[in-house]
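> Sequence:
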Amino acid sequence: MSQPQNGEKRLDTGALASTFPSGFQAIATAYGDYTKKSFEDTKSFVEKMSGVKSFEKAIEIQTEFAKTAYETFVSESQKIAAMYGDLAKQSYKPFGSFVAKVTPTSQ
Numbered sequence: 026m027s028q029p030q031n032g033e034k035r036l037d038t039g040a041l042a043s044t045f046p047s048g049f050q051a052i053a054t055a056y057g058d059y060t061k062k063s064f065e066d067t068k069s070f071v072e073k074m075s076g077v078k079s080f081e082k083a084i085e086i087q088t089e090f091a092k093t094a095y096e097t098f099v100s101e102s103q104k105i106a107a108m109y110g111d112l113a114k115q116s117y118k119p120f121g122s123f124v125a126k127v128t129p130t131s132q
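Residues in the sequence shown are numbered consecutively from 26, following the numbering used here.
The hints are simulated quantities; they were obtained by calculation from the structure and are not laboratory data.
These figures come from a predicted structure and were not determined experimentally.
Don't take each hint at face value.
Claimed, not checked - Each computed EDC-like pair below joins lysine to aspartate or glutamate, with the alpha-carbon atoms no more than 20 angstroms apart:
hint, residue 1, residue 2
1, 62, 96
2, 62, 101
3, 82, 72
4, 92, 111
Stated by the list, open to error - Between beta-carbon pairs, the in silico distance windows are:
hint, residue 1, residue 2, range
5, 75, 96, 38 to 48 angstroms
6, 117, 83, 42 to 52 angstroms
7, 68, 116, 35 to 45 angstroms
8, 71, 98, 14 to 24 angstroms
9, 117, 63, 23 to 33 angstroms
10, 49, 120, 16 to 26 angstroms
11, 116, 83, 26 to 36 angstroms
12, 117, 53, 47 to 57 angstroms
13, 116, 94, 26 to 36 angstroms
14, 53, 78, 38 to 48 angstroms
Where a beta carbon is used, it is the ideal one built from N, C-alpha and C, also for glycine.
Using the sequences and the hints, build the whole thing.
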């Protein structure tokens, strides 16, 4: 890489490059875990519904499944949204120091 000329400042992309893969990997893992849990919960729901003998019991099982599925969705969505927020903060850190270096300060 060439050296900066005429007082130019360069952005250090090393920190940025190391942040993205681990951040995206964590988000992908969280999505995968949620998908797996959702599939297992749905499978369990179908198994319970297949053995139901009364309409009231079917409504009870379906209501409980819907409630649990919604709560899990909300909780996992918040967790993943926080992970995206953390990734965004980490990805902007190198730019913050770059901007501070090139921004003239009044004295």
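> Mind listing which of the numbered hints don't hold for this structure, in increasing order?
4, 5, 11 and 12
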